[in-house]
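Colleague: Here are the chains, one letter per residue:
Number of protein chains: 2
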Amino acid sequence: MDGQKNTTGEWKSQLIRGETRRQAIRELEKHPEAELAEILQSIDIELLVDVLPLFSAEKQGLVFAAFDMTNRLHLFRRVSKKWFASLFEQMPSDSRADIFQHFSTQERVNLLPYLSKSTREDVLRLSTYPHDTAGGIMSTNFAIIKEKQTCEQAIQEIRKEVPREKMLYHLYVVDEDMHLIGYMSLKDLVIAEPNELVTAIMQTEFATASLDEDRESVAKKIEKYDTIALPVVNENNQLMGIVHHDDAIEVIRAEQTEDMEKFMGIIPGDEVLNYNQTTVLGHFRKRVIWLAILTVVGFVSGMIIQRYEDALSALMILALYIPMIADTGGNSGSQAATVVIRAMALGQVNINNWMAILFKEMRISALLAAVLALIAFFLILILSWESDTTLNHSLGFIAFGISAALAFQIITSTIIGAGLPLLVNRFGGDPAVAASPAITTIVDISGLLIYFGVATLLFF
Amino acid sequence: MDGQKNTTGEWKSQLIRGETRRQAIRELEKHPEAELAEILQSIDIELLVDVLPLFSAEKQGLVFAAFDMTNRLHLFRRVSKKWFASLFEQMPSDSRADIFQHFSTQERVNLLPYLSKSTREDVLRLSTYPHDTAGGIMSTNFAIIKEKQTCEQAIQEIRKEVPREKMLYHLYVVDEDMHLIGYMSLKDLVIAEPNELVTAIMQTEFATASLDEDRESVAKKIEKYDTIALPVVNENNQLMGIVHHDDAIEVIRAEQTEDMEKFMGIIPGDEVLNYNQTTVLGHFRKRVIWLAILTVVGFVSGMIIQRYEDALSALMILALYIPMIADTGGNSGSQAATVVIRAMALGQVNINNWMAILFKEMRISALLAAVLALIAFFLILILSWESDTTLNHSLGFIAFGISAALAFQIITSTIIGAGLPLLVNRFGGDPAVAASPAITTIVDISGLLIYFGVATLLFF
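Chains Z and S, in that order, give the protein sequences. Under the numbering used here, the residue at position 219 of the first sequence is numbered 219, and the numbers go up by one with no gaps. Under the numbering used here, the residue at position 155 of the second sequence is numbered 155, and the numbers go up by one with no gaps.
Treat the hints with care, as some may be off.
When chains are identical, the list treats them as one kind, so a pair holds in a single copy or across two.
Lysine-lysine pairs mimicking DSSO-like chemistry, simulated, CA-CA at most 27 Å apart [said to hold, decoys possible]:
id, residue 1, residue 2
1, Lys220, Lys166
2, Lys59, Lys160
3, Lys224, Lys262
4, Lys30, Lys224
5, Lys166, Lys146
6, Lys12, Lys224
7, Lys146, Lys30
8, Lys117, Lys82
9, Lys12, Lys30
10, Lys30, Lys221
11, Lys12, Lys221
12, Lys30, Lys160
13, Lys220, Lys59
If you are wondering where the hints come from, they were derived from the structure by calculation, not from laboratory data.
Next up, chain Z with everything else stripped away, as it sits in the complex:
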């Protein structure tokens, strides 16, 4: 870590010049894949095609797997299938299945003949699982131990079988039919007595995922059990693959981004939305649908106001505070929805708590309503001092009426905001689709009804 480090630009020029290339490769071979991928993604594709095969086979696969999907596809489409196949063979099995799912049918058919039988079978099997399930994100690179072995024998086998570059932290103990019967960490094996049976030191109580389990639930298990990898089994409890902790991190990021986008009325795509790689038209498509629906629904407010046109022209002061009432309602509703959606996502509350949640939100909103109505009351007195208050009502009485409407609006919209995610969840939906813009628009409508309802009651 000491000594001077080369910048990406310096590495680039060393790779271009033939005489320094060999030395540069030898240095770069030692770098972490993430850094190497950064450097190699910044060089021209012609140079990349020359340089990449100079790295060790395992390194090539790992570095390429660390490329952005766009760059991976770009390289694939520029080189011969034969050249690509040797790289493809070396990729970790989960990234291999991932890029394979991005190929067109024709591209798949073109690539398959160049692959070894085992790779071909592996990639075809993995790419049949939906990408949002345990099967879709698992890797088939795992180390197994037969149940009859001693610790010594198991270590010998690992020495022989596991290539240098491959990561290996957990070992899975299986019987002759690949039924998963236990697991151990490599350390448990190393510190055990050499002639002890592996079955004597293995852990038999552990979490597993099933092939079709939702990827979010898989990530939550990895998080809950603080584990490095979660074994994935089929319905016969046979070991099919493992999901690594770094895939869990990726899933958590993707799901949370998706949740936030859904909540703000943006339709999430298959991949995490990459701001730069999404075109203007792509962004437009993701955003326009909710906006259009809500603009149309927004006209309902117009129709409500139209119904109260007479009241409005008789008491012009009412028009002034429509946006304030609407905004405060929208804000308190969205806040309540955010808090409830997060609490549900983190598993702190669930649908069975709905009565407790709504009761709690009711008490919170009563406090909020009291404080904000008081603020509004005095502000109206100050700001509308010179307004002409027709209909023989004192300004104080009018301010009281508007503040009371505001208080009702805050309580109603908080309950709507907290209740909508619960309702969506109750009918099997994702709470995050109870979008904040939808809440804003709904509480605008309820707010106007409350506002004019209170006004009619008090002033006319």
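Assemble the complex: chain Z is given as a structure, and chain S must be docked to it using the hints.
Modeller: Positioned in the frame of chain Z, the structure of chain S alone reads:
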């Protein structure tokens, strides 16, 4: 994994009855800590005090570390310091420092005498680092190898030194002054030639964190390098601790929750907001500040409408569409802000791209404006067919004016929504504090100005 499993209730009753307790403990000892913590957190504290010491020492520490913070503190406050100290000694060093930071000064002083010298020093040192830095989340449980050793010697040492329950995946190679010079995975060590020097097989290019590095940056490094643990070094490159991958997951969850709460105008606390454990008053305090500020700012809209009171009473139709214009502006602004904040959090764009971002948002908003204005134009024609349009303007012309104002409003608010997070970031703030309610309120004001501006220009 086969055979019938006990439910939490069944475990509970087995633990209560003296004659089945020993058997239950033996079974539970094999369970993952997360499950065990769930069971033990559900039993009465008197029973817990009896039962917990029956587990192996390491298990006790790990299970207690998996308790919720509230339950950990609750137990601490109910038992004797001496009883607690033996549990405390067994906890992983990072959770130990974490709970220690939650103690009052008096509680710390009371506990310290019961601790061993090494634990006391460790916890005092760790708890001096701020909780949002690498030092604050790192663990001091790591395995080091001296640089002069052979692989065989290193393995012998691990066999001797590392207790059964401790996790161990990476080994750090240090010189006699604890300078970090390399690392290797346990697997690299196991498959190496026994008489090779550890320095020959270690990796020398790897990422590290500094003690005062922000925890979010630490989590991002763990994510980028797909590593299981990131070494933390001081300014002399001496190894001080490691941050585990599961801490990275926790940080990512916490930061994203915090971002979403900030964005919805909720003041986040030190801990991830736990919905149930936060009181009504606690929720109220977190939510009231922004709401109150924005209600006050919302009165600016009232003042703007007041200025245009004459126009409004002359052309009542204008009042009808105020909420629709305001909502659509708020929604498109919040959408733009969400997309930009996520892209910045995921490292896809940064402040240097601001021109490109704003230009892209301008093009997206132009498309949105065109579609929505068209929808609005026809809806106004349909809904206001019977309205009386004074001032001798045709309904078509009025509908055109309102739709044009809507189009301007969408473009302006999209740019404000995308620009505000960039601006906050430019001045060193967290983009997520460019709260969505603030954007809604700001674009309400700009929207009203545009609306009445266009109306005055066209109709009066």
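Colleague: Compare the structure with each hint and give your call.
Modeller: Going down the list of hints, with the structure as the test:
no.: 1; hint: Lys220 <-> Lys166; in the structure: both (25 Å within a copy, 23 Å between copies)
no.: 2; hint: Lys59 <-> Lys160; in the structure: within (20 Å within a copy, 34 Å between copies)
no.: 3; hint: Lys224 <-> Lys262; in the structure: both (25 Å within a copy, 26 Å between copies)
no.: 4; hint: Lys30 <-> Lys224; in the structure: between (34 Å within a copy, 17 Å between copies)
no.: 5; hint: Lys166 <-> Lys146; in the structure: both (20 Å within a copy, 25 Å between copies)
no.: 6; hint: Lys12 <-> Lys224; in the structure: between (43 Å within a copy, 21 Å between copies)
no.: 7; hint: Lys146 <-> Lys30; in the structure: between (34 Å within a copy, 21 Å between copies)
no.: 8; hint: Lys117 <-> Lys82; in the structure: within (15 Å within a copy, 63 Å between copies)
no.: 9; hint: Lys12 <-> Lys30; in the structure: within (16 Å within a copy, 53 Å between copies)
no.: 10; hint: Lys30 <-> Lys221; in the structure: between (33 Å within a copy, 18 Å between copies)
no.: 11; hint: Lys12 <-> Lys221; in the structure: between (42 Å within a copy, 23 Å between copies)
no.: 12; hint: Lys30 <-> Lys160; in the structure: within (23 Å within a copy, 31 Å between copies)
no.: 13; hint: Lys220 <-> Lys59; in the structure: between (30 Å within a copy, 22 Å between copies)
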